[in-house]
Amino acid sequence: MPKADLTALAARLEAHLGDPHDPAARMPFTRIMELDEREEYPHEFVNDLRGWGVPEYALPGEQGGRAGDVEAEFNLVRLIARRDPTTATALIITNLSFMPVWIGGSEQQKQRIVDDVKRGLRLSWGLSERAHGSDLLANGMTAEKVEGGYLLTGGKWLIGNATRSDGMCVFARTGERGGPGGFSIFVLEKRRTPVGSVVELPRERLHGLRAMDISGIEVDRVFVPDSARLGAEGQGLEIAIKATQTARAQISSIALSAVDTGLRLTLDFTEWRVILGKAVSDIPYSRRQLTEVFADLMVCDAVSLGAVRALQVAPQQVSVWSSVTKYFVPTVLEQTMSQLSVVLGARFFLRGHPHYGVYQKMLRDLLVANFADGNTVVNLRNLGSQLEPLLASAAGAGEEARAAAVERAAVLYGIDRGMPPYRPWEQELHARGMDDAVLAAPDGVERLRALAEQAKEDERDRLLRAADVAGELLGHAASIAERTAALRAALGREYAQSAELFDLVKEYCLVHAAAACVLTFVHSHGALDDPLPNAALLLLQLERLRRQLRPHEAVTTAADIDEVMRVLRLMYRENRLFSHWQFPLAERTADLSAART
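Each residue of the sequence shown is one higher than the one before, counting from 18 in my numbering.
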């Protein structure tokens, strides 16, 4: 979708939902907090957003949906989640549950389910089980072949919207021995089964997303016809993993939005609160904390931007991109939100505060991004299994491979660049050592140096320093490769499950994130709205990544931090999303006197 069209779409949704601080708006914090306190499902918000058409932006156009570019849905969800991550999660579950149909279903299956979803059908994704969690190959639900179909037996647990959904895509064992070819996926239409044959389990009470329906089902020899199977028998694991890749790339929107609201609330406090004759925002320590949080958010925005666009531009590499994003973004932003809490002080602890009470909800809700659709361990294990070929390509890819990566990177990180159609069935289970971000990053650093030559003095100095730091971070891949080889030699069979391998994977994610920051800067340079791109912000983004390796060494100066604060303050005062997209947010109509108390 062209940048102007996506910006207009975002502005239209923001105008529809209104200022979340205004009790008269369609989706106000006052009502959101009431539902959260009572643990009451947000029917009114979900129904309103369905009526507006949000879910249709994740349904294929060939069957009557509005899906074009994946980033449209991703960003619409961000705008919802900045108000309420619970509503955003409840809303997108049907779309994420449709992914197995989109990937493995026939044209007739896709058409029928898209039509049903447009008429109000709600889907859930029955993947995990109480006894097995993320270990899909241990799943116990069985699908026994009988004439004309299958008999489903077993249970699914910790399933979003399991009780409220009309249908569920279920992952079940069709081969007695299991194994990679021993599972299939079926569409279980709960509302069309005999009364009592699908037992809906009690809703689980949650730490965050308190109003969400997270529950499960149990079935005993419930019949589903052959026409309910998605793809070939035995293809279930492949379809499930591809569907999960998409969810992992998308779910970072929840964490990004929670921190966006947290930072915005904190600025509501720091911009007017005066201590020792200065606004809190102007106290050097507080200013440093605010700008570091902003930089972390923009790092994660760049990582997510690439991962979401990779679904269309580089589907063969999504196994890497989605796992990097799913590990890195929630982990960083959980720590970032804690850092932000220190600046906000006591107000973040006040659940009933009329203005700041929603902060603690955001703090709780963002945690869902850590474990939904594959927890941290699952994603680190996936990356660990691919780490050696990724590092080998980073060091030794040929000119042709690098040139192709550079060409794709211009589309991956150029927010004004068109993308090929979304074809989720083209995703692959392994990236074969390819990570376009890391392969294209050296070219990105050279482009950064070329931009420096054309810049004014202060900008030139910052861009050159940023290029030096980026080069250092990218060069760290060689150290990771050496230690990975030594670890395999030392541990042998124990290597693949070792804690040391997971630590090396975490370092690789830093390299990928540094590449994302540089490539977003250089390839979106002419498409970003003022005050972006900004060299001081890029430098601070790279410093934040470098501090995970060298925690006590700074590369920014006080002047750099002041410049980043100027950018942050401008985006805050002009009411824009804290993102490279900078979508205009709903007009502020609320009385903000409560923010002053």
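Just so you know, these hints were derived from the structure itself, not from any lab.
Each hint should be verified, as a subset may be incorrect.
Claimed, not checked - With beta-carbon atoms standing in for the labels, derived distance ranges: (1) Gly-509 <-> Pro-437: 24 to 30 Å; (2) Gly-157 <-> Gly-68: 47 to 53 Å; (3) Pro-211 <-> Leu-367: 48 to 54 Å; (4) Ala-296 <-> Arg-564: 24 to 30 Å.
Just so you know, even glycine gets a beta-carbon here, dropped at the ideal spot from N, CA and C.
Structure-based check of each hint:
1. Gly-509 <-> Pro-437: 24 to 30 Å: violated (43 Å)
2. Gly-157 <-> Gly-68: 47 to 53 Å: The hinted range 47 to 53 Å is violated for Gly-157 and Gly-68, with Cβ atoms some 39 Å apart.
3. Pro-211 <-> Leu-367: 48 to 54 Å: holds (50 Å)
4. Ala-296 <-> Arg-564: 24 to 30 Å: This hint holds: roughly 26 Å between Cβ atoms.
Going through the hint list in order, the structure does not satisfy hints 1 and 2.
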